[in-house]
Every structure is written in structure tokens, then in C-alpha cells.
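We have chain W; now place chain E onto it with these hints.
Protein chains in written order, with the working numbering: chain W, 1 to 324; chain E, 1 to 314.
Hints were generated in silico from the structure; no laboratory data involved. Wrong hints could be hidden among the right ones.
What the hints assert, rightly or not - To give an idea of the chain E side of the interface with chain W (calculated C-beta under 7 Å), a few residues:
(1) A5
(2) E6
(3) P42
(4) D171
(5) A197
(6) R204
(7) C205
(8) V260
(9) D262
(10) F303
What the hints assert, rightly or not - Some chain E residues well away from chain W (every beta-carbon gap over 12 Å; in silico):
(11) R15
(12) A74
(13) P87
(14) R103
(15) R122
(16) Y198
(17) A285
Said to hold, decoys possible - Across the chosen pairs, the derived CB separations fall in these ranges:
(18) E:H180 to W:A282: 47 to 55 Å
(19) E:G69 to W:A242: 24 to 32 Å
(20) E:R293 to W:S143: 50 to 58 Å
(21) W:G190 to E:R133: 49 to 57 Å
(22) E:F104 to W:A136: 23 to 31 Å
Quick reminder that beta carbons are idealized off the backbone N, C-alpha and C, glycines included.
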Amino acid sequence: MSAPLADPEIEVERLEKRFGRFVAVAGISFTVRKGEILGFLGPNGAGKSTVIRVLCGLLKPSAGRVRVAGIDVVRDPEAVRQRIGYMSQKFSLYPDLTVAENLRFFGRVYGVSNGALPGRMRFALEMAGLAGRADALVSELASGWKQRLALACAILHEPDILFLDEPTSGVDPLSRRRFWDLIHELAAGGVTVLVSTHHMDEAEYCNRIALIDRGRLIALGSPSELKHRSLGGELLLVECGALGRALDLLAGFVPARDVAVFGNAMHVLVDEAEAGGRELAAFLNAHGVEGVRVARIDPSLEDAFVHLVGAQSPRSTPAAGAAP
Amino acid sequence: MSAPAEVAVAVAGLRKRFRDVIAVDDLGFHVNRGEIFGLVGPDGAGKTTILRIAAGVMACDAGSVVVEGVDVIAEPERVHERISYMPQRFGLYEDLTVEENIRFYANLFGVPRRLREERAARLLAASGMSEFRRRLAGQLSGGMKQKLGLTCSLVHAPSAVLLDEPTTGVDPVSRREFWHILYSLRAEGVTILISTAYLDEAERCDRLALLNRGRVMYCDTPQALRARMPGALLEVASPAPRAAREALLGRAGVHEVLLVGDGVHVHVDEAARRLPEVEAALREAGVPVEGVREVAPTVEDLFVALLGSGEAPS
Numbered sequence: 001m002s003a004p005l006a007d008p009e010i011e012v013e014r015l016e017k018r019f020g021r022f023v024a025v026a027g028i029s030f031t032v033r034k035g036e037i038l039g040f041l042g043p044n045g046a047g048k049s050t051v052i053r054v055l056c057g058l059l060k061p062s063a064g065r066v067r068v069a070g071i072d073v074v075r076d077p078e079a080v081r082q083r084i085g086y087m088s089q090k091f092s093l094y095p096d097l098t099v100a101e102n103l104r105f106f107g108r109v110y111g112v113s114n115g116a117l118p119g120r121m122r123f124a125l126e127m128a129g130l131a132g133r134a135d136a137l138v139s140e141l142a143s144g145w146k147q148r149l150a151l152a153c154a155i156l157h158e159p160d161i162l163f164l165d166e167p168t169s170g171v172d173p174l175s176r177r178r179f180w181d182l183i184h185e186l187a188a189g190g191v192t193v194l195v196s197t198h199h200m201d202e203a204e205y206c207n208r209i210a211l212i213d214r215g216r217l218i219a220l221g222s223p224s225e226l227k228h229r230s231l232g233g234e235l236l237l238v239e240c241g242a243l244g245r246a247l248d249l250l251a252g253f254v255p256a257r258d259v260a261v262f263g264n265a266m267h268v269l270v271d272e273a274e275a276g277g278r279e280l281a282a283f284l285n286a287h288g289v290e291g292v293r294v295a296r297i298d299p300s301l302e303d304a305f306v307h308l309v310g311a312q313s314p315r316s317t318p319a320a321g322a323a324p
Numbered sequence: 001m002s003a004p005a006e007v008a009v010a011v012a013g014l015r016k017r018f019r020d021v022i023a024v025d026d027l028g029f030h031v032n033r034g035e036i037f038g039l040v041g042p043d044g045a046g047k048t049t050i051l052r053i054a055a056g057v058m059a060c061d062a063g064s065v066v067v068e069g070v071d072v073i074a075e076p077e078r079v080h081e082r083i084s085y086m087p088q089r090f091g092l093y094e095d096l097t098v099e100e101n102i103r104f105y106a107n108l109f110g111v112p113r114r115l116r117e118e119r120a121a122r123l124l125a126a127s128g129m130s131e132f133r134r135r136l137a138g139q140l141s142g143g144m145k146q147k148l149g150l151t152c153s154l155v156h157a158p159s160a161v162l163l164d165e166p167t168t169g170v171d172p173v174s175r176r177e178f179w180h181i182l183y184s185l186r187a188e189g190v191t192i193l194i195s196t197a198y199l200d201e202a203e204r205c206d207r208l209a210l211l212n213r214g215r216v217m218y219c220d221t222p223q224a225l226r227a228r229m230p231g232a233l234l235e236v237a238s239p240a241p242r243a244a245r246e247a248l249l250g251r252a253g254v255h256e257v258l259l260v261g262d263g264v265h266v267h268v269d270e271a272a273r274r275l276p277e278v279e280a281a282l283r284e285a286g287v288p289v290e291g292v293r294e295v296a297p298t299v300e301d302l303f304v305a306l307l308g309s310g311e312a313p314s
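Just chain W, with the same shape it has in the complex:
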């Protein structure tokens, strides 16, 4: 992935989408390389699905330019639709049909030719680990299997670009890991993948993450870039007795830029972990707080998100009906 200079597979330039007076997407720009997995991370109503619908040619942008696989989506939405696959967390499978019947159905919907269909079905079954299950009713499959079948249906027509909408939220961790292995395999084969999710742990699997909040792109980078560079400081895990008192005390401790309770401990943001940690322990000790233990911890994606979003205006505004 050493940044090939080939044309980007997805190009979004100053995209805007308004619904009446509501601004769902407020001028977003980004590009995605071929074979890259890009995560769209943001709360419900942030504008993630609006962007994806525009990219799929289902919604017209109010302003801006969008090219997918070299095609101008506004000018030729039909051509774009043949190049993309879509899978949602709410697996749109037919539970009373078998695995093979579902595949055949979606193959026809996506316009796979009769000649190509058997081969594509074999490939899809193999890839999803469903070989030998072709005659099982979908309603009898465990959720991890269903999810892989939904993916298999979405790639029957060999799309260049795959859109995944919260593909593994709530799924057990083992199934999730298998699923993401498949996605990485597809990406290695040149498929470009766009994942929209509000799950921090799904985002970890993406090559790059676009943080979206209230229609704006607030950060774009690899998971580790976001975690390590966006906080502008280092994070301490502080354990001690009398948590409530320690919290009150830390409100008056200047080097602590942010304090959050986590169970029986606190996460404290300081400029630099070593000196900051020493000062903090000394400060709490001097005020009679006992059993103070301080350790540097790695920030999570959530820490990064909260920091980037929270730094902006207060959260407590209405979602204004979100995007439809």
C-alpha cells in the first residue's frame, strides 16, 4: 500500500447535501485508493449514510463533485451502480430461501449472466466458508454465517467498490474476525471498501478512518495516527482510593487537561506522561488521597474521537431529524 500514484477509485470534492434547511453533509472532501479500506466513523445522524447514498448514485448532491471508479456519479449514476456492491448490517437475505437460492436471486438482480453465475456462486460459497451449506435454509444459519452470506451476495457481480454499513456490529468477536479477514482478502484483490460504522472496534480494521460529525469531516488518518496524534498529549490511567474526592481535587490541577471516570479509575490527559504522572501523584498524595497508582496507557479511538469532537461546539444540539 505504498501509495500508488494511480487514479483514486473514489474522489469526493466539497460534497454538500441539504434536505430543506437541514445540512446533512457540509462540504466534505476525500479520496480513496484502489484496494483501500476506508472507515466512515461517526454517530447516527452524522451524515455517513447520506455520503454513501450519494456515492452509490441514489441521492443527488446539492453541490460538489463525486467520481466513483472514474465515473461522474451525477452524470451517470447507472454506470456507477454496476460497479458497486452494498451490504448492510440488516442482512437483506430471504430467510425462507436456501443459501444457493439467495445467491441465485441476488446474482440475477445484479445482472450476472447465466453463463457466469454458477462459477461466481462457487467462488462466493468458497470465499464465505459456506461450501457444503448451499441447501441450508437461511433462517437456520447462525448470525455469523448469515453475515458472510450477505457479503457473498454483494460481491457476486465482482464489484470494484464495496459499501458496508455496520457490517459486524453486535456480532460475536470470532465471527467478526473471520469476516474482516474476508474483507482484507477482497481488498488485496483490488476491491475498494467503504465501511460506515459508529463502532470504534469495527473502525480499527480499516486502513484509514474518516471521522464524521454533524456533516463535517473532522479527521482523516490511519487508526494509529488518529490515536496517537489527535489527542495532543498523553493519557494516564489513575487508580486511587476516594475516587470522588480525587475527581474534585483534579478539577483544580492545571496540568490535567481532561479527566474522565472509567469504572474505578480515571483517564487523565496530560502534556507528557512521565512528568505529568509524577506531578499528579504528588498532588494527590499531598491532598491526602491514598493508594495512588499512575500508568501511561494507549489512547483508544474513542479517546481520539471524543477529543476531536468534544473540542468543537457542545454536543447537546438536536440532530434535526438526522438524514432520512
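Frame of chain W, contents of chain E only:
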């Protein structure tokens, strides 16, 4: 967390079956008074079923559930005075304002009139919603709706609250705010039983039960959970994750190699010994590497490790 702990919720031998699906399978745990206890697990683990039974709104097939001294199985009606139950889709009236919703629930729960206004004001302030009191509930963001749901379910000052996935789909900032409210409830001595499918929320509980397919895989503090990870986790930052995995799979001491967005996570038996070996192997295979270091396992890593070590599901 003052000793000796009193038990607020005790569940033992609980079973519930829906036709041929066993939702809860001989499950037990207890929640101490004034603690935040998490039911943590993926969809289908049994979280909602347990909470429904504990709240007295669903019957079980076998087992005993005692909540705040009330035998819920024998007298499900009586438990409602002591506790509050907030289901996944809490019934807010979207065409009523924030304040009107609270007043409605105060009526429903029989809160005396003289207490009502004062309590509503205090709860609104505690959840940071005072300035939105006249806004229609339907116009609140997802995170705000959850906070309002919690506020409504606290209006009769319950001694225990049962919350079913209150943070699902809520943005991370609102999620922190929501937990902040839970911590202030804890400080007032309220017992909190909360379910979540976000495994990382385990870290925020005082104690938790990690659930999978209707069974408790693990029940203790998050600190003790971290100590349960067999071996250690190395994070390899690399622009070529697949090549890195290729080079590491099957090596001595390497249990698993997981592809993540910008590298791989390598589960090894021993960090100090394997870290230089992993570096050497990657160098030898010509895999570009930006760094290798030991990282703390996530709850998801622990979940997978626990599954591997014991009752692995099919």
C-alpha cells in the same frame, strides 16, 4: 464499594428457552448494592432476556431472581416499586417536550406532587438537559433521547436501575456523558445493572459478567479480567499487513495473527522473548515495518482468548 457488600440483585440457576433456542442457560451472578454491574456480550448472548426476567416483565423456565429483597419470580409486580427498568426502546413521547415526558412518568410512577418539580429539576440538571426542557423529545439527538429515557426512569428515585443497552448507537461523546451520569448515581448509592454489546464498555463497570450464548464466560472486575489474558499482544505497524501475517503465522510462540487496519496484532506466549524474534522474522521476509511493541489486550482479545480456552461454541 464499601465492605461488607450487600447483595442488591441475586440470580441463580436461571434458564429461559424460546422454542428451540436456549437464550439463558443455567446462569447466575450477583450485584452488590451501589455498584455498576455490566452484562457484556454480543447479540444473542442473553442480555435482554436476563434483564426482562429481572425486571419482572418476563417469566423464566427455571431459577431464582431476587432483586432488592423481592422474589421476582413469585411476585413480579412488587419489584416495580423498588427498581427502574429501561428497555432498549424506551417509550418516550416524541410529541411531548422533555419536561412533559418527565411529568408523565412521574405521574405513572405515583411520585407525590410536592416532590415532582424539585426532583425533575435536579435530574435535568444532573443530565445536563435543563436548557432543553421545552424541546420536543422527537427533536433530540440519539444520545439526548437516551439521557431523557434515563431521567424518566429515575423520577421515582429507585434504589436499583436495570438498563438494557442504553448506549447502543449513541455517539462516543454522549456515551461518556451517559456514563458520567451513571457514576454520579453510583455515588448516591444506586445499584446499576447495565447491558452492553460494546465489549469495551466492560472497562467502565465495577464488575461484569462476560456473556456468550446464554452463559457466563467470566465474572469479576475488569482489572482481574485483564490479568486473565494468556500470553501477550504485540502490535506490528506495517503498510503490508498481509505480508506480515504470512511471515509470522506458524512461528514458535505465535498463537494468532490478526489483520487490523494499519498492521497486525500478534498474540504470542511471551512478549519479551518473542518481540525480537518477530522483528527479526519480519526483517528476514523483507516486510516493511514501522514498529513493533507490546500493547494491552482489548476486551475483545480477552473474549476470544476465553472462548479458545474453554467452552468454545460451534
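- Item | Whether E:R103 stays farther than 12 Å from all C-beta atoms of chain W, as the label says | Non-interface label stands for E:R103: nearest chain W Cβ at 20 Å, farther than 12 Å.
- Query: With d taken as the least Cβ-Cβ distance between E:P87 and chain W, does d exceed 12 Å?
  - Reply: holds (16 Å)
- Message: Verify the CB-CB distance for E:H180 and W:A282 against the hinted window 47 to 55 Å.
- Response: 27 Å Cβ-Cβ, so the 47 to 55 Å window is violated.
- Task: So, E:D262 near chain W? Judge it on the closest CB pair being under 7 Å.
- Result: holds (4 Å)
- Query: With a cut-off of 7 Å, does the beta carbon of E:D171 approach a beta carbon of chain W closely enough for the hint to hold?
  - Reply: Given a least distance of 3 Å, the restraint on E:D171 holds.
- Query: Taking 7 Å as the limit, does the beta-carbon of E:V260 come near enough to a beta-carbon in chain W?
  - Reply: holds (5 Å)
- Can the hint on E:E6 be confirmed by a CB-to-CB distance to chain W that is less than 7 Å? Violated, because the Cβ-Cβ distance from E:E6 to chain W comes to roughly 18 Å (cut-off 7 Å).
- Message: Next item in the hint list is E:P42. Is there a CB on chain W closer than 7 Å to its CB?
- Response: holds (4 Å)
- Item | Assessment of proposed distance window 49 to 57 Å (beta carbons of W:G190, E:R133) | Between W:G190 and E:R133, where Cβ atoms are some 54 Å apart, the hint holds.
- Query: Should the interface hint for E:A5 be scored as holding, given a Cβ-Cβ cut-off of 7 Å against chain W?
  - Reply: Violated. Min distance 14 Å.
- Holds or violated: is the Cβ of E:A285 farther than 12 Å from all Cβ atoms of chain W? Fine: 16 Å to the nearest Cβ keeps E:A285 off the interface.
- Query: Are E:A197 and chain W close enough, Cβ to Cβ, to be under 7 Å, as the hint says?
  - Reply: E:A197 check passes; min Cβ-Cβ to chain W is 5 Å, inside 7 Å.
In summary, the structure is inconsistent with hints 1, 2, 16, 18, 20, 22 from the numbered list given earlier, while agreeing with the others.
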